[in-house]
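Novice: Okay, here's what each chain looks like letter by letter:
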Amino acid sequence: MITGWILRGGRRTECSFDVDDIHEMLRQTDGLVWIDAMDPTDDELEHLAKAFQLHPVTLEDTQHRQQRPKIELFASYAFATLRALSVSDDDSVRERELHAFVGPRFIVTLRFGPDPFDIDHVLTRWERQPELLSGGFAAYVLIDEVVDDYLSIVERFEDLADDLEDEVFQEGGDDGGTRLQERIFRLKREVVRLRRVVVPLRQGLDLLQEEPRLAEGPLLPYFRDVTEHTLRVAELADNIRDLLTSLLEVRVGQISNHMNDIMKKQAAWAGIILVPTLIAGIYGMNFLHMPELSWRLGYPMALAMMALSAGALYVVFKRKEWL
Amino acid sequence: MITGWILRGGRRTECSFDVDDIHEMLRQTDGLVWIDAMDPTDDELEHLAKAFQLHPVTLEDTQHRQQRPKIELFASYAFATLRALSVSDDDSVRERELHAFVGPRFIVTLRFGPDPFDIDHVLTRWERQPELLSGGFAAYVLIDEVVDDYLSIVERFEDLADDLEDEVFQEGGDDGGTRLQERIFRLKREVVRLRRVVVPLRQGLDLLQEEPRLAEGPLLPYFRDVTEHTLRVAELADNIRDLLTSLLEVRVGQISNHMNDIMKKQAAWAGIILVPTLIAGIYGMNFLHMPELSWRLGYPMALAMMALSAGALYVVFKRKEWL
Amino acid sequence: MITGWILRGGRRTECSFDVDDIHEMLRQTDGLVWIDAMDPTDDELEHLAKAFQLHPVTLEDTQHRQQRPKIELFASYAFATLRALSVSDDDSVRERELHAFVGPRFIVTLRFGPDPFDIDHVLTRWERQPELLSGGFAAYVLIDEVVDDYLSIVERFEDLADDLEDEVFQEGGDDGGTRLQERIFRLKREVVRLRRVVVPLRQGLDLLQEEPRLAEGPLLPYFRDVTEHTLRVAELADNIRDLLTSLLEVRVGQISNHMNDIMKKQAAWAGIILVPTLIAGIYGMNFLHMPELSWRLGYPMALAMMALSAGALYVVFKRKEWL
Amino acid sequence: MITGWILRGGRRTECSFDVDDIHEMLRQTDGLVWIDAMDPTDDELEHLAKAFQLHPVTLEDTQHRQQRPKIELFASYAFATLRALSVSDDDSVRERELHAFVGPRFIVTLRFGPDPFDIDHVLTRWERQPELLSGGFAAYVLIDEVVDDYLSIVERFEDLADDLEDEVFQEGGDDGGTRLQERIFRLKREVVRLRRVVVPLRQGLDLLQEEPRLAEGPLLPYFRDVTEHTLRVAELADNIRDLLTSLLEVRVGQISNHMNDIMKKQAAWAGIILVPTLIAGIYGMNFLHMPELSWRLGYPMALAMMALSAGALYVVFKRKEWL
Amino acid sequence: MITGWILRGGRRTECSFDVDDIHEMLRQTDGLVWIDAMDPTDDELEHLAKAFQLHPVTLEDTQHRQQRPKIELFASYAFATLRALSVSDDDSVRERELHAFVGPRFIVTLRFGPDPFDIDHVLTRWERQPELLSGGFAAYVLIDEVVDDYLSIVERFEDLADDLEDEVFQEGGDDGGTRLQERIFRLKREVVRLRRVVVPLRQGLDLLQEEPRLAEGPLLPYFRDVTEHTLRVAELADNIRDLLTSLLEVRVGQISNHMNDIMKKQAAWAGIILVPTLIAGIYGMNFLHMPELSWRLGYPMALAMMALSAGALYVVFKRKEWL
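Line order of the protein sequences matches chains W, R, Z, P and H. Residue numbering for the first sequence follows my numbering, starting at 34 and increasing by one per position. Residue numbering for the second sequence follows my numbering, starting at 34 and increasing by one per position. Residue numbering for the third sequence follows my numbering, starting at 34 and increasing by one per position. Residue numbering for the fourth sequence follows my numbering, starting at 34 and increasing by one per position. Residue numbering for the fifth sequence follows my numbering, starting at 34 and increasing by one per position.
None of these hints come from the bench; they were simulated from the model. Among the clues, some could well be false.
Since copy identity is lost for identical chains, a pair holds within one copy or between any two.
Listed next, the in silico DSS-like pairs over lysine-lysine satisfying Cα-Cα at most 27 Å (straight line) [said to hold, decoys possible]: (1) Lys103 / Lys297; (2) Lys298 / Lys351; (3) Lys83 / Lys351; (4) Lys83 / Lys298; (5) Lys353 / Lys297; (6) Lys83 / Lys103; (7) Lys103 / Lys351; (8) Lys353 / Lys83; (9) Lys83 / Lys297; (10) Lys297 / Lys351; (11) Lys103 / Lys353; (12) Lys298 / Lys103; (13) Lys298 / Lys353.
This one's a predicted model, so the numbers in the text were calculated from it and none came from an experiment.
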């Protein structure tokens, strides 16, 4: 589904998106032409390719999902493949693909997926700064919105990593070992995935800033700002990843430590049971001449010896913190 | 076996590949001369070297297998060593070597192996875009086909890595430990091998784009596109490799964890057996004055004590999840 | 709360900070205009933005905390986001955010937080070198003070890391394992955090040295010096981080080693108890013809055998250092 | 021992190597002057230094062994320090040092060691291409021979690494653990050593290609080819090193796994022995009223119970693969 | 304590170091002015700063110890901070700080510490090559001496690392585990420290070679040579560090392996004791009808059974190499 708009002086009027009309608009208007296509069909894409004279390579790219985030410069436009991320309530990350080609006076957004990227906020910002509105500024706002989501996601990840750290170090936190490891591992994976999305975008932004028709003088600080944000996301992601890697290693040490504790306990209890067993064994011997056997209090004495030795061992092990 | 063709206007006509004929063709025709050699002998290679004035170094390279993937520029042609990969049903990767030298108006493909690289698909694409067909475009299509295979392979590896991840974390998945480790290790190896093939190819593509006679203006977006794809393969391969490395580490932790479980079980059962043994030992003592021994119900009482103590320990250990 | 000053000839006079007054001062005076804002409100920030013609992007940056440390060049000023660190008595690091924008003849400092960065020392240094005082020098002094704190913090971390190393290697230091690991881990985290603050600052300093209006000739050695210090902090931080990483690994080895010691002890004591138990078991057999049973000294002899075997095992294990 | 030759038109004539003669030859001849010195004394080196106007730094370098492989450009010559490697039958690597200084029309080779680098093959190649023979080409052939040896060594290492991999993963291959680890470790060391020799050589080759008097136009493809080979050696070495590092890690996991197996076995057998012991203990109790004791078949029944319980446990543990 | 000298034609004459005298000497003489200050006071440093017109930043640097090794270029001089290392008999590394500022015709050395850097050898080399003697050459010799010490230290470290490797792999070398780990760890630390000293020096040398007044044409090969040496030190240090890291990892594997050995021994001996205990338990049962009990040779037979079973188990475990 394609819709066309002309943005001029902070106002937006719907328009046709015929090949001829588009050419006409690009010639006449002093505003920005915005074409938005939701889940475009191959026919619609070819129509747009003709209207905006897209390179066959771009057309092919728009027809495939799971593209690497990138910004490419062509003769008359720049083509951007973005991945908008959002985190749902159960901390899983949703990915939505978003393509855009941008010329000095137009922007075409292609949005995909069952739950496409919500462009309302972008639109509000476009309408709020009509004096700056150009293809370059439109692209900046779009990318900025996407990167802002990255920032909130990476901060969410930072919180999750802090929680995991606390869990790893909390008293008695060494049970259910593998489950905790799995959570660390899976978070690390998400972080790495985020990083993979951010780094190529930053390269694309660097490239874009070399194209004077899109990122002219007054827009440069804006592009520098969003580049700064991608950098911050990438650095935070690196940090979290390293933190989680260390946590996994610490965890291995903890498991070994836990093993030591188990072994100490096992050894202590074995001693506490086996020493009385030895005493019982001694008084179970069949020697004819064993004076204790005929003592009136022999039996309680033997039981007392057992209890005493077990108790003494218990105290010793408790003191050595084996129990 | 050498065959020669002239591609012109989307049509292909067989031609001779005599040294003189080739020189003649390169002078006259406005099409692309394509010579294809399947498992060429040294004589044939020398013939081709003479016909296309190849450098001795190139000639020597074509006579050896197991070359590093590369693209080298010479005075009148570019020489590419490619490694076409394909994955067979049992997930093992097959490698086929493929050499090509390309001039503005000709391409020579050398294909090797018991099961050489299938060039049909390349041919179809050459014939479909006659207006672009030149040495550079022919090389682009060839490389693009090879890289497309890399992409499907790296995606296959991604699936396999996901499977391995699931197996590592699935409930009760800590048996048969070494076998799983071996599979992770071997997949990691394949991924590293793929990466080794992709990275030098990318360097070659960068080089090729600096040669105006092959990668002139209109072809640049195509070369940029295939470079983008090699980058994507390399990045995905890096990701999978890091994921598998982490998995191997997690696995070590799991094995230690599994050890803890075994130790807990062992300790628990030892207690359950040894405490009744102690009770039996006590009533096996030979004291004259042990009132219980003469009780009518002494024996069942002792058995009950044993059963009770064992049962109580069982419950305790079950609660502490040692059993 | 905003206060304005003019620094001239080593003396400081308070001044108004009206938009017009500031423009007037910047035209007339030969001194340095310094505006200091403590926890500025959004209104105050907009006022300052108007007075110094700040770019909207800068204004937005000053309105958000937790910025990445950076130095950005704009048409008429440089904008610096700094993070002043200080270490409190319990070795936790406090962070204070500090923004500044600097022109050739003015500096505006924005200080935030419940306990803002103390600017007195900076002021003393400004007043001490009136001949150098310019926007660039003022910025240098500010950054130098911040970096000096980094240096003392990284040296404090180095001491803490040395202490941890000693604890790891001290005789009998293998108890309380997880606690020590946690301390190593947390220090490593702080070190990484420090590094994250230093590295972008260094990039900013490199950028600043390319702006002739701020870092002109005579100031260059000063900027080079402070850059050198950030480098030193970053290198020391790298070192400490690597040291702590190795310590964590050594620790894992130690825990395994400790396990070996426990196992040896357990095995030794098991032997010392089980061999007498076997002897007791032998003399508890009910054979009719066991000559020892009727010996007068049979019982003491059996006890002696038990004691002897236990003692012998004790000596053997002691010699093998299993006990 | 020094010998001098003139190579001209594919033929080699012995010549004097007096300072004056050499100067004369360099002026007159159109061939290549080749001086070969085997284990030269300091006097001989100083003689050569005078004859070829070597820089004092070069002279000093030639007087010391264990130089880092390098190629340095001086005003009138290039100085190369090479390390020729060969692998002996027991897979240990022998190193031979080889120095050369090369001018446009001369090459001086210094060969050292009890078993110096064999130059025959180099000579054959010099004589085979008289039309290319110059100082640059002579240096190329020398380096190419050295690098070819690197290639066969790195391929030998690859085979050894594959063998180690198979040994690590073969069924029942977890015995003799430390020995296997040692072999992996030592091979890794050799690989790293090879890499250390190759990488600086590549840097030297890059440098050499910028010297037009040695590596002029027609020689460039040759130098590019040998550079390609060093790259291939370095890449293969990196691969093998990473593979061996992973193997060492896998090995640690395997040892832990092996430990699990031992523990399971130990626990199983302990159960199989201790349960009959408990039964024996029960019938060893001295209660007056134990009906089984007076049964005719009490004893065989008890033995049967023991055998049955032991057998049942055996089956259970066998099924759980603890035995 | 400051002393001044003029070096001219290989001879050295003492001179005053008054500010005026120094200016006079720098104007008149054709030799090199050398001022050497041993543990200079702040007054002396300020005196020197005035005499040689040092930048305040340099003055401040000379007043602080523990500087990062560096070489900085100023308008009329270069300032070098060096760290001379030497290894004492007990393999601990001593560090001495050494500052120098160098102009085309003068060098000022500042030596610190209870045991300052010995400059005699440097002096001998200055006097031996009077024709080259300039500020640049003087600096070269100084740095070369310092780097030569690095080379011998890194070679000493290499020997120590080889010793540690042998200890790790020697038969039965798995006792006293933690001590060996500590030694590996500490050596690794020293190696890293050496590396930290070398790398910035190399950067400084690169910088120095861009200053034509100090490192002019004829001196360049010398500077290139000492740069080469720092590179060699850095590479060797990297190698040793990697080797030691691997050794630490191998060690962890060995400790686990050792644990396996202990467990096997423990399990074997437990079996050897517990099986006879079971036999004793059987003949300790109180059944009325146990024919063996009344046999004449019942008791010796039982003992024989015990001995046999224990012996058989011993042989079995010995064969399986559990003992």
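Novice: If a hint holds in the structure, say so; if it doesn't, say that too.
Specialist: Okay, the hints, checked on the actual structure:
1. Lys103 / Lys297: neither (57 Å within a copy, 53 Å between copies)
2. Lys298 / Lys351: Result: close both inside a copy and across copies, 10 Å intra and 16 Å inter.
3. Lys83 / Lys351: Neither: 83 Å inside a copy, 72 Å across copies.
4. Lys83 / Lys298: Close neither inside one copy (77 Å) nor across copies (72 Å); limit 27 Å.
5. Lys353 / Lys297: Cα proximity of Lys353 and Lys297: in one copy and across copies (10 Å, 16 Å).
6. Lys83 / Lys103: The answer is within: 22 Å in one copy meets 27 Å, while 37 Å across copies does not.
7. Lys103 / Lys351: Neither, since 63 Å and 56 Å both go past 27 Å.
8. Lys353 / Lys83: Neither, since 82 Å and 68 Å both go past 27 Å.
9. Lys83 / Lys297: Intra 77 Å, inter 71 Å, cutoff 27 Å: neither.
10. Lys297 / Lys351: both (11 Å within a copy, 19 Å between copies)
11. Lys103 / Lys353: For Lys103 and Lys353, neither the intra-copy (61 Å) nor the inter-copy (53 Å) Cα distance is at most 27 Å.
12. Lys298 / Lys103: Neither way: Lys298 and Lys103 sit 58 Å apart in one copy and 54 Å across, limit 27 Å.
13. Lys298 / Lys353: both (11 Å within a copy, 13 Å between copies)
Checked against the numbered hints above, the structure breaks hints 1, 3, 4, 7, 8, 9, 11 and 12 and satisfies the rest.
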